[in-house]
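Chemist: Residue numbers (my numbering), protein chains in the order written: chain X, 19 to 365; chain P, 12 to 111.
I should point out that these hints are in silico values taken from the structure, not numbers from a laboratory.
You may find that some hints are simply not true.
What the hints assert, rightly or not - Here are the simulated DSSO-like cross-link-like pairs (lysine-lysine), alpha carbons at most 30 Å apart as the crow flies: (1) P:95 - X:100; (2) X:149 - P:39; (3) X:362 - P:26; (4) X:362 - P:13; (5) P:39 - X:264; (6) P:13 - X:149; (7) X:264 - P:26; (8) P:13 - X:364.
To be verified - Here chain P is said to cover these stretches of chain X; the calculated rule only asks that three of the stretch's residues, wherever they fall, bring their Cβ under 8 Å from a Cβ of chain P: (9) 145 to 154; (10) 173 to 185; (11) 280 to 287.
Said to hold, decoys possible - Residues of chain X clear of chain P, computed beta-carbon distances all greater than 10 Å: (12) 88; (13) 94; (14) 97; (15) 100; (16) 105; (17) 106; (18) 112; (19) 120; (20) 168; (21) 207; (22) 234; (23) 274; (24) 300; (25) 303.
Predicted, not measured: the structure shown is a model, and the values here were computed from it.
Glycine is no exception: its CB is placed at the ideal position from the N, C-alpha and C atoms.
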Amino acid sequence: MYCSIVPPYMLRRLAARDEPRLSAVARAAKEALLHVRSIQATRALPLPAVPSGIRQLRPGPPQRTVYDTGASESLPGQVVRKEGEPATGDASADEAYAGLGHTHRLYAEAFGRNSVDGQGLPLDATVHFGKLYDNAFWNGEQMVFGDGDGEIFQRFTRSLSVIGHELAHGVTQHSAGLVYRNQAGAINESMSDVFGALVEQYVARQSAAEASWLIGEGLFTDQVEGSALRSLKAPGTAYDDDVLGKDPQPDSMDSYVRTTADNGGVHINSGIPNRAFYLVASELGGNAWETAGRIWYDTLTGGGLPANATFTRFAKATAASARELFGTESVEHDAVRKAWETVKVKL
Amino acid sequence: MKITVQRSGGIAGLKREWSVQATTPTDKSRWEPLVEACPWDAVPGSGGFRGQPDRFMYSIRAGQRRATLPEQAVTGPWRVLVDKTRAAAEAARNGERGPR
C-alpha cells in the first residue's frame, strides 16, 4: 500500500511555484508528483505481476513474434518469425517485425514504458490476414494486418505509423481504457494517430517542423488521389478521390461530425484532438516526443483521464499535465491552452 | 428488393457502400434465400465484441429490414450475403452482368 507523506494537492501547489528561490522545491515536487501519478496509475490497473511500489528496472528488449494466417482469418496463424530470428524475405512479416521493434523503442526510450502494458507484454503480429483484406486492427491481444485489395490499398505493414497506431490501441487499453465510441473513442483514435506519428518521427529523427504529420503514408496505390489516410497538421486534406470521396475529418469543433457510423465517428472527429496535438508540438518546436508527446503520454497514463472522457475533459487533463510537468506559467502550458482554443474546445 | 451493405470504420475510417437491385424473378430467386437465411431478429448488440479497435462496422439493409453488425459478427449467412452483395455490386461497376 503506497502512501505519500506529502499529500498530492500540496505537491501540486509546490510544483506550481515560479519564484527563482523556490525552483529546487518546485522541481522536487514535480518529481514526487510524477511518482505519485505512476503509482496511482498502477493502482488503477488490474493486479500486475510486479507488486506496486517496486521501482521498475529500465525496460528490457521487445519479445516479438510474427504469425501468418495464410489468407485465412484464423488467428494467430503459423509462427514465421520469433524474436532474434533473421529476416524471412516476406516483406509484410519483416515490416511487422521491424515496426514492432521501433514502436517498442519509442515507448522505452522516450517514455520509460516497458511495452504495451508497461510490464513487458510480448508483441505479437499476424500478417496476410484474410483475402484482399483492406484493413489492420488490434484485437485486444495482438496486431493483425491485411494485404490490401491492390486497387485502393497496398499491404498495411507498409506504413510505420499504422503499426504504431495499432500498438497504441494496446497502450490505451492498458492505461486510460478510453471507450471506443463518440468523443472518448475519438480521443482513443487520436492517441493512436499521435503515437503512430511519433514512432515515424522518432525513427527518422525528425523534428516537429520536419515531420509530415501524416498517418498511413504509402498505403494507397497510385490509382488513388491522396497522400495518406489522415493528416494531424491539416485534417480534411489527406485525400480527395472520385472513389473514396474527400477526407471527412474536421479541424475544429465548428465542423464536428454527428453520425452513428464508425462508432459515432471515432476516425472522423479524431481530427480535432489530432490538430490540437500538432499545434502544441509545432508551437514548442524541437522533437514532438519530448514536448507535446510527454504531456500527452502523461495524460494518457497518469491515472487522471476517465474512460468516458469528452474532448473538454481531455483538454483539461492535458492542461493539468502541462502544469504539473512544466509549471503554470510555462510555454508548454500556454501552448496547450492556445491549441485547444484554436480547435474551439472549451477548457 | 434493394440490398445495401454499408461499411464504416476500419483504420482508414472510410465509408463504402455496395448495392444490388433484385427486380427480375431470376434475381429474386437468387437473392431472397440469402436474405431469408440471415437471423434479422436476433442481431447481436456490439457489447460482446469489445476491445477490437479499427474493425469494420456493417449496416445491412434488405427491403424493409435493417441490421448493424460489428465485423466479428459478420459470419455464416451474414458473411455470405455481404460477400455476394459486394461481388455483384463490383461486377456491375466493372460492366459485367448480374451476380457472380
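Chemist: Which of the numbered hints are not met once you compare them with the structure shown?
Modeler: 1, 4, 5, 8, 21, 22
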